[in-house]
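Residue numbers (this note's numbering), protein chains in the order written: chain V, 1 to 444; chain B, 1 to 293.
Mixed in with the good hints, there may be bad ones.
Said to hold, decoys possible - Short derived list, chain V residues pointing at chain B, Cβ under 10 Å:
no.	residue
1	Pro-71
2	Gln-88
3	Asp-305
To be verified - Chain V stretches covered by chain B per the calculated footprint, using a threshold of three residues with CB under 8 Å from any CB of chain B:
no.	segment
4	91–101
5	235–247
6	262–270
7	413–419
To be clear, the hints were calculated from the coordinates, so they are not data collected in a lab. Computed from a predicted structure; not experimentally measured. Heads up, the beta-carbon is just placed ideally off N, CA and C, and yes, glycines get one too.
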Amino acid sequence: MKKLLGTIAATAAVALALAGCSGGGGGNAGNVNPSGEIKPRQISWLLSRPADGGVITTMKQIAADYAKKHPGFSLNLITTPDRPSYIQKYETLAAANKLPELFDTDATPFAAKLAKQGRMIDAEKLLKSLGLYDDYRPAALNYQRFDDGSLYMVPFEFQLEFFWYNKALLEKAGVAVPTSLDDIPAMCTALRKAGITPIALDGQDQWPLERYMAYHPFRTAGPDYITKLKKGDAKLSDSTGTAAADWLNQLGQAKCFEDGFSSTGYSDAQGLFTSGKAAMYNIGTWELGSLATDKLDPSVRSDVDYFTLPTTKDSVTAANEYVSPSGIGMAVNAKTFDPLVRDFLKYALTEYPKRYAATGALSPTSNVETTIPDNATPLYKKAVDQANDLGDKIAMPWDTQLDPTSNTRLQQELTLLVQGNIKPEEFISTMDQTIQQNGPKAFK
Amino acid sequence: MLPSRSRLSVLVFLIPPLALYCIAVLFPILQSLFLSFFEWDGISDLQFVGVENYVHMFTGDTVFWRAFFNALGYLFICLVLQLGGGLVVASLLTSLRRGREFVKTLYLLPAVISTVAIAFLFARIYSSDPVGLLNQVLQWVGLGDLARPWLSDVNTVLAAVSIPEGWRFTGLYVLIIYAALIAVPAELEEAARLDGANAWRIFTKIRFPYIRPVWITTVIMATTYALRGFDIPYLLTNGGPGQSSELLTTYMYKTAFTSTNYGYASSISVFIVVECLVAVGLIFVLLRRKADA
Chain V
1 MKKLLGTIAA TAAVALALAG CSGGGGGNAG NVNPSGEIKP RQISWLLSRP ADGGVITTMK
61 QIAADYAKKH PGFSLNLITT PDRPSYIQKY ETLAAANKLP ELFDTDATPF AAKLAKQGRM
121 IDAEKLLKSL GLYDDYRPAA LNYQRFDDGS LYMVPFEFQL EFFWYNKALL EKAGVAVPTS
181 LDDIPAMCTA LRKAGITPIA LDGQDQWPLE RYMAYHPFRT AGPDYITKLK KGDAKLSDST
241 GTAAADWLNQ LGQAKCFEDG FSSTGYSDAQ GLFTSGKAAM YNIGTWELGS LATDKLDPSV
301 RSDVDYFTLP TTKDSVTAAN EYVSPSGIGM AVNAKTFDPL VRDFLKYALT EYPKRYAATG
361 ALSPTSNVET TIPDNATPLY KKAVDQANDL GDKIAMPWDT QLDPTSNTRL QQELTLLVQG
421 NIKPEEFIST MDQTIQQNGP KAFK
Chain B
1 MLPSRSRLSV LVFLIPPLAL YCIAVLFPIL QSLFLSFFEW DGISDLQFVG VENYVHMFTG
61 DTVFWRAFFN ALGYLFICLV LQLGGGLVVA SLLTSLRRGR EFVKTLYLLP AVISTVAIAF
121 LFARIYSSDP VGLLNQVLQW VGLGDLARPW LSDVNTVLAA VSIPEGWRFT GLYVLIIYAA
181 LIAVPAELEE AARLDGANAW RIFTKIRFPY IRPVWITTVI MATTYALRGF DIPYLLTNGG
241 PGQSSELLTT YMYKTAFTST NYGYASSISV FIVVECLVAV GLIFVLLRRK ADA
């Protein structure tokens, strides 16, 4: 028995030692200009972006050019486009203190802890020291900031999220483009009556439905609502939250989303819209290539248009303020930051905007013009120009704001609410309780 | 008693796998047990919380209990399909005169297909918009009213995610049970038949008692596999809608890798280990007692 106890104690000691390995490991987060020689080697970027997308394609070209001048240098891009899988990978690597030189992250509570521990380079200081800070669109940088205003991530894209719609289908149902969020339920009822699926939604990935949760409070109470709510300083049971839950309930009752939306994936949802079966589709400018070029099905091409997030009656945010994310940001590992990483970033971030804009995408900086592709429809230019007419406030996606436990629960409860499996009151009470339990300790 | 040289050889051959087992199985279990008394997000210091995780799990976490009962439902459906279905198919196979190998291969096929492919396959079968195979068949046979989005309906989703898992391994249990059934001495069955026993009586009095040891093994295998079931529900619905298809395993995974609450996830994993041990113990006791009776 004594031997057994001894073994257990020894195992526990080893486990404790292993667990203890995880913490720390930070470098000097504020030292953005380390001294020393530039010694070329391979550096890695753990990222969550499409493998054939504009960011990776552009960065590969830039890295190849840099390697020509610095033999021995290479950029190893390790991408996991599926976001939940990526987050698991990145958080596990962070726990093991094995993050590479560069890694993607949103401004989550987890990332805030890493920043607090000095494990990420101060991006504002870095960009200023490279003389690039002023080139960035303020909205692109603000999207990456933590609640205290600090900046630890560099944006690589800039997107605007629109409601794409099919003019012919709206006309067939005899409805106009909604001017208020509160017009949408009635519009859905009319479209359903005409045998049309009102809104195509990728329910499987859950973030698209969570956008709808963010919309009503952003209009009625502004962007501060979610920053208060996530810490437990505001409640969904107040008038703003109740109105939002009621609105979502109405969307559900009016059958706004396709049947079985919770198990519909990204491409199936997009397919519903591009094949002319669904009248509306809420997605960002990263899909311009599919929705505003000749790749779009000719049968719907001339019918597709978009509108921005409608306001509400007493809206506190302007019509030109909506979801305009700069995507997941890139953080720089403080532990591995050296003259080479700095020099490569200087070259890459200087070169990046013009090369990225040439792919037809919106750059996170305002010093370049986006190239409109030859196969674009007029909608492409309209969408790109829309970026110059943006207000100051950003509707932050709630999945980047809430603590992960509350976020997971919100995504689950939202589906139940919109499917009509729970009532708004149950939704509110469950969520308030969950946020109260998890929010304050995540943001302390 | 083995001579000392043989004993040494036995030890030499037994110790490496035993050591590997301790490193790969026992150590992680003990580490989970240790972590379950802490609150830990992976990057901050461990915070000792005593049995708080267990108290919360048993008394304050409704999702945990929902996942537990879902796991029991999942287990039930898997067992019915794998053992019940397996036994029926294996019994029918023994009476088949030709094409046995072909049928066996056909039944075993799903067990060798990758889980991700199976999940995609069933996502298509259950789909409502675009119309999937199941809903299409229901329309064709005039049962269109029953058509629904199977993976989005809170009343059908648990069965919908359990069936692929059950279906997938039925062939494996068919093979095991079939091998046991063909080992039953034909003379015994022949004698019983001459004495006027019907097929059911032959099955319950001769065949089943004869295959009982194999049956115990298959029940234990199927039960522990189903209690650890994770991939198909995770890929098909990620536990949704709501928590309708959340199993303890998917909940534990999310708690660890999405919420980065490794301490609480460890207490759920300890519960899963205990649950599996209790299930195996119960099966042994129940089936042995029956055999002795």
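Taking the hints in turn, this is what the structure says about them:
| no. | hint | result |
| --- | --- | --- |
| 1 | Pro-71 | violated, 36 Å |
| 2 | Gln-88 | holds, 4 Å |
| 3 | Asp-305 | violated, 24 Å |
| 4 | 91–101 | holds (count 4) |
| 5 | 235–247 | violated (count 0) |
| 6 | 262–270 | holds (count 5) |
| 7 | 413–419 | holds (count 4) |
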